[in-house]
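First to last, the protein sequences are chains G and F.
In this text, residue positions in the first sequence follow our numbering: the first is 42, and each later residue adds one.
In this text, residue positions in the second sequence follow our numbering: the first is 32, and each later residue adds one.
Derived from the structure by calculation, the hints contain no laboratory data.
The reader is advised that the hints may include incorrect statements.
[Unchecked claim] Once the Cα atoms are required to be at most 30 angstroms apart in a straight line, the calculated DSS-like pairs of lysine-lysine come out as: (1) G:Lys-111 <-> G:Lys-152; (2) G:Lys-466 <-> F:Lys-107; (3) G:Lys-293 <-> F:Lys-204.
[What the hints assert, rightly or not] Covered stretches of chain F, as calculated for chain G (at least 3 residues, CB under 8 angstroms): (4) 84 to 90; (5) 107 to 113; (6) 121 to 132.
[Unchecked claim] Which residues of chain G face chain F? A partial, calculated answer using Cβ under 10 angstroms: (7) Lys-44; (8) Leu-46; (9) Val-47; (10) Ser-48; (11) Lys-51; (12) Leu-54; (13) Leu-55; (14) Phe-231; (15) His-233; (16) Lys-293; (17) Lys-466; (18) His-467.
In this text, a Cβ means the ideal position worked out from N, Cα and C, and glycines have one as well.
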Amino acid sequence: MHKLLVSAYKEVLLLLRDWGGLAILFIMPSVLIITITLIQESTFKAVGESILPVVLVDEDHGEISELITKNLANASNIQLITEEKGSSIDAGRAQALVSNGTYQIALIIPKGISRELDEKVNHNVEQILSEFSLTDSDSAASGNAKKQWPTKEITIFFDPAAGQTFRNSVKSNIERMLSKVEVQKIYDVFIHQMELSEDPELLKDEIITFNETIAQKGEDGIIPNAVQHNVPAWVLFGIFFIVVPLGINLVKEKNLGTYTRLRTSPVSYAVIIGGKIITYMVICLIQFALMLLIAKNVFPWLGLIEFDPGAQLPLMTLIAFVAGLAAIGLGILIGTIAETQEQSAPFGAIFVIILAALGGVWVPTFIMPEVMQRVSAFSPMNWGLSAFYDVILRNGTAADIARPLGYLLLFFVATLTAAIVYDQKHQTR
Amino acid sequence: MDGIIRVHQLSKRYAGSERYALKDLSLSVKEGEIFGLLGPNGAGKTTLISTLCGMIKPTSGELWFKDMNYRQHRRKIQYQIGVVPQEYALYPTLTAAENLYYFGSLYGLRASSLKNDITHGLERVGLAGFTHRPIKTFSGGMQRRVNLLAGILHRPNVLFLDEPTVGVDVQSKEVIMKLLHELNEQGTTIIYSSHHLNEAQHFCSKIAIIDEGRIVVEGKPQELIDSVPGAANLENVFIHLTGSQLRDYA
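Chain G with its partners taken away, still in its complex shape (with noise of 0.2 angstroms):
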């Protein structure tokens, strides 16, 4: 238990006497997560939870104008942009704003469009009393005849830079109100023709609606944001950069002598990596209470989410330290096969970053192709996150983190026993 100690120690005091190291250690990871989450974030807003401006042309002035509208004006997301510098904004002037990307959506309703729809759905309405003779005989005889209705467009200019999903989803969300309003149109004629008492409170409330949840489990959950993908993603993204600095302090000791000396000395190799795994798991759980501080008192400050673990902090820190074990595993072993640091420090920092692409650290998972999904599912990092999706979004216990705090383990273990077998036929050879 001495020499554990003692080589421990040893390793703390390398690590303290090396600035480069420990800056790789702690500001690295401190940067990327304030930086990558500002970003995220601004991004996420732009299409999700921020205000959109929307310009709006209204060339009818009628009902159907008045609305639409009152729609956009109730949507608490919506903007709604009819003026320039004092000025009416008219078709061209619209799809100008919309083109130099001032703005990323423009509405046109068309001259005359209220009027149109009036016309139509009187017509309709009547030939469709006049079938059940509700109406007068010559009226409706005369509505008989097929009339021709000139095609009236809403246009909707978007910005060229806009994608498929956010065109899909604007335009879903007029259809929508312009529905509603031929219905409340057809309702309004339907009262008026039978000369029926109003009933102002039939349509005042949809028959079917959406009531939207996060599956999770109990009552206090939190609901997923920007904040909650990126300081799990970015703290194992942390945690498995340890590789780099390890893997440069085992190649060190082969290329000082210093190995040498530790095999001739009466020391197992369980002594001499247990003295490190120690002191680089110390490393992994400071740097995870350090991204835990930030996110929580440094993202409030520069505008973010606070990220607050709560309840969840002790499963947080089970899956930091089994993460940190995978991590050591991975760095003992590129450590051990490595010959020069030029071998080491480049594959390590290379390699952490495809396993954080993989595993849904940069992009989630979720949004990556199938194929890619398919690939993911063997990034330890994906493990050791979807492990923090369960406990910060579904409110997992334990017992549902099972499975990859196990996967993890087993790296770690998979890892370990392949170094100490390589080193075992390396030296003895």
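Position chain F relative to chain G; hints supplied.
Chain F alone, transformed into the frame defined by chain G:
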């Protein structure tokens, strides 16, 4: 065969190599001897020392330390041997005291006595004022002296030295050789490998010249010199036995 270290029919062939680094080598080192292993490059000196230190496993043959076989008692044997490798084998960013404390602790030495030994040892090699300086600030000679101390803090019965004075100035060399003589007088057996034949001639009580994995000749330095007609020193003997051909092995 008696001796503190006994080697019987030792052979070593590295994986992937056709050539034997050691071939049926037998020798015995008596307690208290300063045993010199000399030989051209690739002769097998480092392989023999690495095997005797328990770093590599022999392909065949047997080794004993006192009455302990290496196969069964490697860890116990390692407590009783000290190794001073040719490389400095120290952590450059740690101080002399920190390096020595770490390596001493691996032999089970306890903090209080170890700290005293470190202070005393650094004084003996003229580094009393450099205890808390990082090794990277030391000259080659200073690092050699700390390297030697790291191998003897636990007072080993047998000390393996691989080129202990290579690349050092005359003053450092004198300090190192003096310390080694003192250790030997206190009972430490020394197994010494070097290309410095003149140094070996004066330092060693017995010498074995190895070539192509075999011991070519073994004896006291003066006996070896006398055995070769016209030889005035060990270098003449060495050239006579191993030839002048370059030994370059890829």
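Hint check results:
no.	hint	in the structure
1	G:Lys-111 <-> G:Lys-152	18 angstroms, holds
2	G:Lys-466 <-> F:Lys-107	22 angstroms, holds
3	G:Lys-293 <-> F:Lys-204	27 angstroms, holds
4	84 to 90	holds (count 5)
5	107 to 113	holds (count 4)
6	121 to 132	holds (count 7)
7	Lys-44	6 angstroms, holds
8	Leu-46	9 angstroms, holds
9	Val-47	4 angstroms, holds
10	Ser-48	8 angstroms, holds
11	Lys-51	5 angstroms, holds
12	Leu-54	6 angstroms, holds
13	Leu-55	6 angstroms, holds
14	Phe-231	88 angstroms, violated
15	His-233	91 angstroms, violated
16	Lys-293	9 angstroms, holds
17	Lys-466	8 angstroms, holds
18	His-467	9 angstroms, holds
Going down the numbered hints, you'll see the structure goes against 14 and 15, while the others check out.
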